[in-house]
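Counting with the working numbering, you get residues 503 to 718 for the letters of the sequence shown.
Where hints are given, some of them may not hold.
[To be verified] Mimicking EDC-like on lysine to aspartate or glutamate, the simulated pairs with C-alpha atoms at most 20 Å apart in a straight line are:
1) 524 / 663
2) 578 / 617
3) 552 / 563
4) 681 / 663
5) 534 / 561
6) 552 / 520
Think of the hints as simulated: they come from the structure by calculation, not from any bench.
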Amino acid sequence: MDALRNGGAGAEGDERLDPTGKNLFIVLRNWKAAPRRFSDSFAWVLRHAKRAFPGIIDDIEFDPPVGQVVPTRFYKPGASAALPMHRAPDGLLVGLLHLTAVASAREGTVIAIEEMENQLHPHAIRKLLAAMREIADERRLTILLTTHSPVLMNEFRDHPDQFYVMEPGREVLPVSLDKIHDPEWLAHFQLGDLYDRLEFGAPRAEGAEAPKTQGG
């Protein structure tokens with residue numbers, strides 16, 4: 503994160519996000535400079551960043567690269583003066599990384615993001631997930647998210663077949679939640695609440711009732 507605050511690093515022609523995220527601002531600068539070539543990817547990232555971080559970001563400006571570093575500034579809504587990126591909150595940088603990662607993905611590929619909720623407000627988590635679902639549908643992407651966040655888990659309430667857990671005692675792992683609990687039973691709860699109650703993904707508390715399984 504400190505490296506990004508200082509402009510990151512990368513090759514001037516970078517078009518896709520490096521797995522380390524170090525070339526974030528070079529990629530975004532290149533996308534902004536050639537919107538038709540990159541299918542308006544910069545505009546897509548900025549649009550969803552504004553939704554995820556209202557009141558924090560309205561636009562991003564880039565100076566020409568200095569070696570491998572891109573001096574970067576961002577505007578808050580209604581502001582006439584830009585702020586240097588080193589003053590950006592951690593959550594905004596994380597959100598830009600997530601959005602740029604999925605926007606970088608080639609059609610039909612698989613992306614994995616570990617603990618995507620780190621540094622993020624619950625509102626940002628929900629908006630970023632909505633953006634990921636949008637682009638996953640458009641590009642036939644498979645996006646794998648690991649999480650311990652009840653907020654993120656709750657967003658899969660209607661999709662237990664897409665929610666996989668490391669369930670103790672199962673021979674095959676991970677296993678989808680609809681194979682552990684009856685979907686009709688799950689529909690009555692927020693998944694984050696069930697996780698907090700140790701209903702899945704953890705050893706069961708002593709004396710706890712057996713789970714309501716599929717077909718049980």
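Status of each hint after checking the structure:
Between the alpha carbons of residue 524 and residue 663 the distance comes to roughly 34 Å, so the proposed pair goes past 20 Å and is violated. In summary, the hint linking residue 578 to residue 617 is not supported, as the alpha carbons are separated by about 27 Å, beyond the 20 Å threshold. Among the hinted pairs, residue 552 with residue 563 is consistent with the structure: their alpha-carbon atoms are about 15 Å apart, no more than 20 Å. For a cut-off of 20 Å, the pair hint linking residue 681 to residue 663 stands: about 8 Å separates their Cα positions.
Our distance criterion of 20 Å between C-alpha atoms is met by residue 534 and residue 561, whose separation comes to about 11 Å. Using a Cα cut-off of 20 Å, the hinted pair residue 552 and residue 520 is violated, with the two alpha carbons roughly 23 Å apart.
Checked against the numbered hints given earlier, the structure breaks hints 1, 2, 6 and satisfies all the rest.
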